[in-house]
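Participant: Residues per chain are reported as follows:
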Amino acid sequence: MPFTDIAVAIQISFIYFTVFYLTGLGGLFSERSGIVNIGLEGLMIIGTVTGAFGVRFFTDTMGLGTVWGPILGLLFGALCGAIFAGVHAVATITFKVDHIVSGVVINLVAIGLARFLSSAFFDGQSTQSDPGGPHLARLNIPGLSSLPGGLDRAFEGLSPLVIVAALMVIPVWYSLYRTRWGLRLRSCGENPEATRSLGVSVPLYRYQGVLLSGAFAGLSGAFLAAEIIGAWREGQTLGLGFVALAALIISNWNPVRLMFFAWLFGFAFAIPLRLQDAPVISLLPEQFIRMIPYVVTIVAIAGFVGRVRPPAAAGRAYEGGGGG
Amino acid sequence: MSAQGMAGPIAAPSARPAWLESFVGQFLALLASFGIALLLGSFLILAYGENPIEVYRSIFDASLGSVDGLGYVLAIATPLIFSALAVSVCFKGGLFNIGVEGQYLVAMVTAAVAELNLDFLPGFLLVPAVLIAAMLGGMIWAAIPGVLKVKRGAHEVVTTIMLNLIALSLIGWALNGPLHYNDAPAGAFVDLRSNVFPKNGLVGDLGSVFGVTPGAHLSWLLFLAIAAAIVVWFLIRRTRLGYEARAVGSSPGSAKAGGVSIGSTQIRLFLISGALAGLIGMHQILADRGYLPLNYVVGLGFTGIAVAFLGQNNPIGIIFAAILWGVLSRGEVALQISSEVPREFIIILQGLLILTVVITYQIAKRRLAARQLQRAGMAESLDDSAAPDDSAGPRGPEYTGAEAFEPADEKRT
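Quick note, the sequences are listed as chains W and X, same order.
Counting the first sequence from 1 gives a position; the working numbering is that position plus 1.
Counting the second sequence from 1 gives a position; the working numbering is that position plus 913.
Isolated chain W (complex conformation) (with noise of 0.2 Å):
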């Protein structure tokens, strides 16, 4: 079991560390706000395709080179997440439909509206587009990518977005518990008839949160879509979305926390793609081994879930009116 092995499984654990973290401070924003975001996948779904496409476009046929094509690229496909999201919001909010059937018509509709996209985007093709798109210049963290022993290849030649996606934790904690606006989307998912009556306007907030929420997913599914495949693939975000949701539900819907879980998760996702070899690990049959993260998952949210306390009016529907 060489060093390299695990190095290079911690730099794939970096990558889902990214898409997980982006994800759950998308689902951050929309459930500390008082809604319920369950269609994170469908937003993320939405954010590849949409991603995929808008680093092409940008960098090719707009001619905008390498730097700031696939820039307008990724933030395209975090604004398509952040539309796509207002159904969501409009469905919930205005609507008071319940937040988990309108999760959950996210994921099915985004399922369709991405091959619709695709075909409109990639020629027809409505599973998958060419690959080998445009992506940003790969970074090397000055220092740990000096590391003897071949640690070294866990810290080089990540994409930008991945220490974007780790420094996104300082913005995120202070607007949220440093701001007068944090303190106000989140009095909406605690108690937002109290909120109200202070004259802020709870629907305005909890619309915030939620396109916010899917402008994060959007942004995480365009990274993995333009920035690590180099293409769109259907079904490239395979139940990460829900994975992301577990790593916000354990981390108990804090900013910090969810770092640390993000990265755990990353790390078991990329036991079956490079620990395969490793002792115990290598007795198991290949498919077994591809199931680990899934299984991870799902005792971290079994083992978990009883300690947290989610926003205490996540999930229902606010029925006052706009106020102040």
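Since the hints were made in silico from the structure, they are not lab data.
Note that this is a predicted model, so its numbers are computed, not measured.
Pair ranges (Cβ atoms, derived): (1) Asp278(W) / Gly1166(X): 48 to 56 Å; (2) Thr5(W) / Gly1128(X): 51 to 59 Å; (3) Asp278(W) / Ala1140(X): 48 to 56 Å; (4) Phe1233(X) / Ile84(W): 32 to 40 Å.
Note that beta-carbon positions come from the ideal geometry of N, C-alpha and C, so glycine has one too.
With chain W fixed as given, assemble chain X onto it according to the hints.
Facilitator: Only chain X this time, still in chain W's reference frame:
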């Protein structure tokens, strides 16, 4: 407004029985959402430079315009009825069984094991044995999220999605290992699959009875699906378990106060749901293929969720919703042949349909609840303008007061 003042205008609506009112309300909501979805779809068709009426007619002709078309539609509907029933049983108890997908995959494996190991049985025993094996497989896979939910509080949406993905690997392992075919002719290239099932273990073709092309693979399982819908209707409406399920689904707090064991009800619902889910895959392995292939049809469990919403979780509504879904799916073929509109249009139309159904149904439910509140005489404590008015549009402002009286946190479990 005084109680006497309310009596006049209320008399008319209360003459109708509640079930009729709710049936009419649901039906109107369904009709409205169908109209809206078709209308939105028309804009899309116009954007492709085609005539919406022509396109809709070609979808109709391909599906309901001929006996063969109808055969295809009913064959598509058969597994979807099982799937939507499985979803709806859990839904009645406030549970979201997103794991129907994985449950039917596991059931196809257990059914294949039964087929290949019980081949000494005569057909009239073998087929029921295989169906029971499938139901058991689905129940085992559904029991896991049920127990995790009740014992550990793990939300079933997350656990069932993970179990779906585990089931995908499980079926791959079974086809590579224990179920790997060994009856292939020497040297022939065969896709990964199980051995061919015994002939007497297959479900007979129904198409030959009604003159439908054998290509449609219409099977007797259609009648089993309709029977299952009737059983589910009876279970939910006429048994103690159904009553408890509805109580848990609409208000867990009151159900518990009324002496209902929430955990035991939820686990039983998961088991019934899993048994129904187990039958979803039988159409493709017993009527269509005759073996368990690796390229089995996926996604029937997720489509079942859409069909359940479309049928508004009513077992009889689900039969019609599954047929409607079959009509649209069959319409894809027509679009490919005769139109510039891409086949993905159908998926968008189906998506629009679910969205509009979910939203209009919610509006109708609230209107109905508001009206029932008014009838109960509670309206006088609400907004003064809350006079019952049949002509008001959906979400008329006069009902916003009554909405506040809906139990707010019933959906949190």
